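The chain contents come next:
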Amino acid sequence: MPRKLEPDFRILFCVVALVLVGLVMVYSASGTVAGAKYGDTAYFLKRQLLWAGLGFAGLFAAMRFDYRRLQGLAPYLYISSVVLLFLVLIPGVGREVSGARRWLHVGGLTFQPSEFAKLALIIAFSHFLVKKENSGRLKDFVTGYVPVAVALGVCFVLILLQPDMGTSVIAALVVFFLFFISGIRFSFILGTFLVMLPFFYVAVVNVAYRRRRILSFLDPWADPSDTGFQIIQSFIAFGNGHAFGTGLGTGRQKNFFLPDAHTDFIFSIIGEEFGFAGCALIVLLFAVLVYLGFRAAMRAPEPFGMYLAAGITACVGLQAVVNFCVATGLLPTKGLPLPFISLGGSALVMWLVSAGILLNVSQYRT
Amino acid sequence: MHDEMITARSVRLKKIRLAVFMLLMFAGFGAVLARLFDVQMLHYKRYVDYSKNQYYQKVVFSPTRGRILDRNMETLAMTVPMKSVFATPTNMENKAGAAAIIARELGMDYRSVRARLEKKAHFAWIRRKVGDAEYESLRSRGLRGVMFVDEDRRFYPLGGVASRVLGFCGLDNSGLAGLEYLYDKSLAGEQVTLIAQKDAAGRIFQYPEKPPDSNFDLVSTIDVRTQYDAEKAVRRVYDRYRPKSALVVVMEVRTGDLLAVAELPGMDSNDYASYPTSSQRPLTVTQAYEPGSTFKIFVSAAAIDSGAASPDEKFDCENGRFEMYGKTFKEAKNNKYQIMPLWDVFAKSSNIGMIKVGQKLGEKRLYESLRKFGFGERTGVDLPGEITGTLRPYQSWSGSSLPSVSFGQEVNTTPIQLVAALSAIGNGGTSVRPHLMKRILKDGRVVGEHSAPEPKRVVSRSAAEQVIRMMRYAVTNGTGKMAAIPGYDIAGKTGTAQKFDNERRVYMSDRAISSFAALFPANAPEYALLVVVDEPMGAGWGGEVAAPVARDVIEAMTRRNGVPAEGQLKYVVDWKNFRAAAAYE
Numbered sequence: 001m002p003r004k005l006e007p008d009f010r011i012l013f014c015v016v017a018l019v020l021v022g023l024v025m026v027y028s029a030s031g032t033v034a035g036a037k038y039g040d041t042a043y044f045l046k047r048q049l050l051w052a053g054l055g056f057a058g059l060f061a062a063m064r065f066d067y068r069r070l071q072g073l074a075p076y077l078y079i080s081s082v083v084l085l086f087l088v089l090i091p092g093v094g095r096e097v098s099g100a101r102r103w104l105h106v107g108g109l110t111f112q113p114s115e116f117a118k119l120a121l122i123i124a125f126s127h128f129l130v131k132k133e134n135s136g137r138l139k140d141f142v143t144g145y146v147p148v149a150v151a152l153g154v155c156f157v158l159i160l161l162q163p164d165m166g167t168s169v170i171a172a173l174v175v176f177f178l179f180f181i182s183g184i185r186f187s188f189i190l191g192t193f194l195v196m197l198p199f200f201y202v203a204v205v206n207v208a209y210r211r212r213r214i215l216s217f218l219d220p221w222a223d224p225s226d227t228g229f230q231i232i233q234s235f236i237a238f239g240n241g242h243a244f245g246t247g248l249g250t251g252r253q254k255n256f257f258l259p260d261a262h263t264d265f266i267f268s269i270i271g272e273e274f275g276f277a278g279c280a281l282i283v284l285l286f287a288v289l290v291y292l293g294f295r296a297a298m299r300a301p302e303p304f305g306m307y308l309a310a311g312i313t314a315c316v317g318l319q320a321v322v323n324f325c326v327a328t329g330l331l332p333t334k335g336l337p338l339p340f341i342s343l344g345g346s347a348l349v350m351w352l353v354s355a356g357i358l359l360n361v362s363q364y365r366t
Numbered sequence: 001m002h003d004e005m006i007t008a009r010s011v012r013l014k015k016i017r018l019a020v021f022m023l024l025m026f027a028g029f030g031a032v033l034a035r036l037f038d039v040q041m042l043h044y045k046r047y048v049d050y051s052k053n054q055y056y057q058k059v060v061f062s063p064t065r066g067r068i069l070d071r072n073m074e075t076l077a078m079t080v081p082m083k084s085v086f087a088t089p090t091n092m093e094n095k096a097g098a099a100a101i102i103a104r105e106l107g108m109d110y111r112s113v114r115a116r117l118e119k120k121a122h123f124a125w126i127r128r129k130v131g132d133a134e135y136e137s138l139r140s141r142g143l144r145g146v147m148f149v150d151e152d153r154r155f156y157p158l159g160g161v162a163s164r165v166l167g168f169c170g171l172d173n174s175g176l177a178g179l180e181y182l183y184d185k186s187l188a189g190e191q192v193t194l195i196a197q198k199d200a201a202g203r204i205f206q207y208p209e210k211p212p213d214s215n216f217d218l219v220s221t222i223d224v225r226t227q228y229d230a231e232k233a234v235r236r237v238y239d240r241y242r243p244k245s246a247l248v249v250v251m252e253v254r255t256g257d258l259l260a261v262a263e264l265p266g267m268d269s270n271d272y273a274s275y276p277t278s279s280q281r282p283l284t285v286t287q288a289y290e291p292g293s294t295f296k297i298f299v300s301a302a303a304i305d306s307g308a309a310s311p312d313e314k315f316d317c318e319n320g321r322f323e324m325y326g327k328t329f330k331e332a333k334n335n336k337y338q339i340m341p342l343w344d345v346f347a348k349s350s351n352i353g354m355i356k357v358g359q360k361l362g363e364k365r366l367y368e369s370l371r372k373f374g375f376g377e378r379t380g381v382d383l384p385g386e387i388t389g390t391l392r393p394y395q396s397w398s399g400s401s402l403p404s405v406s407f408g409q410e411v412n413t414t415p416i417q418l419v420a421a422l423s424a425i426g427n428g429g430t431s432v433r434p435h436l437m438k439r440i441l442k443d444g445r446v447v448g449e450h451s452a453p454e455p456k457r458v459v460s461r462s463a464a465e466q467v468i469r470m471m472r473y474a475v476t477n478g479t480g481k482m483a484a485i486p487g488y489d490i491a492g493k494t495g496t497a498q499k500f501d502n503e504r505r506v507y508m509s510d511r512a513i514s515s516f517a518a519l520f521p522a523n524a525p526e527y528a529l530l531v532v533v534d535e536p537m538g539a540g541w542g543g544e545v546a547a548p549v550a551r552d553v554i555e556a557m558t559r560r561n562g563v564p565a566e567g568q569l570k571y572v573v574d575w576k577n578f579r580a581a582a583a584y585e
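Chains as they are written, first to last, in this note's numbering: chain A, 1 to 366; chain B, 1 to 585.
Be a bit skeptical, because a hint or two may be false.
To be verified - On the chain B side, residues computed to face chain A include the following (Cβ under 7 angstroms):
id, residue
1, Lys14
2, Arg17
3, Leu18
4, Leu23
5, Leu24
6, Met25
7, Val32
8, Gln40
9, Val48
10, Ser51
11, Phe500
Claimed, not checked - Examples of chain B residues toward chain A, derived with CB under 7 angstroms:
id, residue
12, Gly28
13, Leu42
14, Lys129
15, Leu143
16, Met147
It is worth saying that the hints were derived from the structure and are not from the lab. None of the values given here were measured: they were computed from a predicted structure. We treat Cβ as the ideally placed atom computed from N, Cα and C, and that holds for glycine.
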């Protein structure tokens, strides 16, 4: 029978450290932009502080909430995700910012349904997979795989329509990862990918900005002032940082050179102001967090806890790796914020609630 | 039991898959670290170098252009801060209304203002360098898209005084002519280049503070009062005889300081563009003319210096007609002279007598002496565009060259050459270089000073003194009487050079250059003065036209300097002398 122990506070330590780094770096990276735009250099810092406070409240609540009770909520979480993702697409309901409809406006605060959906899908599919396994249909294609694949597909398409390719891909990959560890035949998963391939090709080639991103990723220096601009500015930030950085607040790249310095490219500013040492420390923090998360998953008393912990950990790890790779030019430019660190209201809350669930799982052992 | 085994196996498999995935993720973190190491530790220099261009921008500060002062620190040229008006047409709403207001406030044509505002541009000048009152009244209208920028304007407080020498500056305040051009670098001062930090939009966000201006001043040799006297005198002759041009140059013989360079037709440096370019050059260094009789000063000096002649030596003036190499030489106004000493040859300005002097001297000695006086080469005065004039080498002279050169034909000189040669006589026979820059000051400290070249002996002191006595005699008893000032000794020589008609290859009887060269005070010359009047109408003879100009200037100078030697200086119209002088030449 599972024993309830203390939660793994090393996980909490990592999360708190990352959020604190985030607060400092958001202020450093956004000060100039905020000052120019809102006349208040601390504009973004204040919002991030507010959301972090809200997020930690969520984290402690989730930590106290027995994760097994989430199983009962799973279908509702899935349905509410679909509803919210559908709502955000309706003009007038969803708020459009620079061509993408990703935000819902609730009482002066903006809320990103896809961030909620990411966590909700992890919970929902952890539950679905347990149910399929218990009913013995997990390895069956028609009754086992097709329903979960379609359930995932609906959400994937809805997020893709916003359009938010980064989040939809991350969410899908995490759920596929759950499929993979649950024991669904690998051939199903592989087959799905092969079927999707032509669609991906069309989606990338047909959308001009994505094609440009791919091309500029292959050779950013071909057009340093336009499409290659962001990634080159990111390189400059890293290069200027050298071993130990220019010092907190002294980076220059955030002065309008590097777009999205306080969101998707905050890692570059860390690289500039704290150098290779600072970057390595951040990567290490994420690696430790991933290790502890997976360890908690492996020690979880039953598959649901395992899926839940593994899914949350994979989501954090995957998004971090993708963000790092984009910032360092290993992947094409993709608008994905760095978990816990980048500016992002509802996203930060969801990451902290996820961490709370992970901590909750971590206190149980077989 | 069996189920439990299956469950245990599936749990183990799940953990294995999880571990595989975890390893994959660590591999991802590892790849990121490797990449960071490459970018931040191995190849960071490339990015650092690349970034420098986008972080920094050079900002150049130009100090306010320095003043040009006269020798007594009177301001001749200065810089006045003004406002220039420009528009950002893309940022304007009611262009018609704005154009009407601008046109009224600045006194401009509505349509031309409107056309500027209708340009599809982010920037269009409306009017540069407007006055304070116009600026204030337009600014108070607070028109959107109408902006102002500080621009310095060059201002010459004395208007047209010495304008051809001072020159002028273009809209961008760089010197384009005269002293403004020649000393542009000194006047412009030292530009200060500072590094400003800029952001990605190219906006400078840390503007370096403008360093305090250094004041550069050019102290010129010009003496405003003398200049003014000269301008007044030359104006009088210009209005009376309507010549093509008229000029007066006054120079201090010991130092080479040019006290006055007055030239007409004049121009105003404040408004140089409305004058023809011919009026923008200093004539003193760009006008080449045949000196005529004033040249006899230097031929005589050469002859006396070499011992070929002495003032008392008699020369046969051939009763007014002398043939040589098939060419007939006559005296001015068909005067007829017989045998007389060099004193009188000089004072009465006998051409034939001077030919005889030249013959005694010989081509080689004459030529070499004239070269020593500086004819045929630039004096090196600090004015742009100086020409050399022409004095052909004696080896290429024809048979009639020696006689012609002897009385100032077949030779082209510039006024400045003549003044410089005259100064050599006044300076006891040693050369002196004319110049306009006395010193350059930076914040009142001397940072540059005129340095005179090593003086060279041109003729002996005794020869120079004898020539000065002859010039004095010419003023008291000869052709220069019209320059005489009762009670004040002047040494001078008139000159009237008929102009050569290049088409008909003859000297024209109705066109001449009238000039007068003077050294004063005669007993110990301090100043050299030259008057050149090009084609005076109606009266062509030096004594009538140029000599009174010299007298006016000298009189004004001496009166101001309190020099009169004997008695009260008074101006008397000496009609007897007037007619006598007129009859003389």
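Evaluated hints:
no.	hint	in the structure
1	Lys14	holds (5 angstroms)
2	Arg17	holds (4 angstroms)
3	Leu18	holds (5 angstroms)
4	Leu23	violated (10 angstroms)
5	Leu24	violated (9 angstroms)
6	Met25	holds (5 angstroms)
7	Val32	holds (4 angstroms)
8	Gln40	holds (4 angstroms)
9	Val48	holds (5 angstroms)
10	Ser51	holds (4 angstroms)
11	Phe500	violated (68 angstroms)
12	Gly28	holds (4 angstroms)
13	Leu42	violated (10 angstroms)
14	Lys129	violated (34 angstroms)
15	Leu143	violated (26 angstroms)
16	Met147	violated (21 angstroms)
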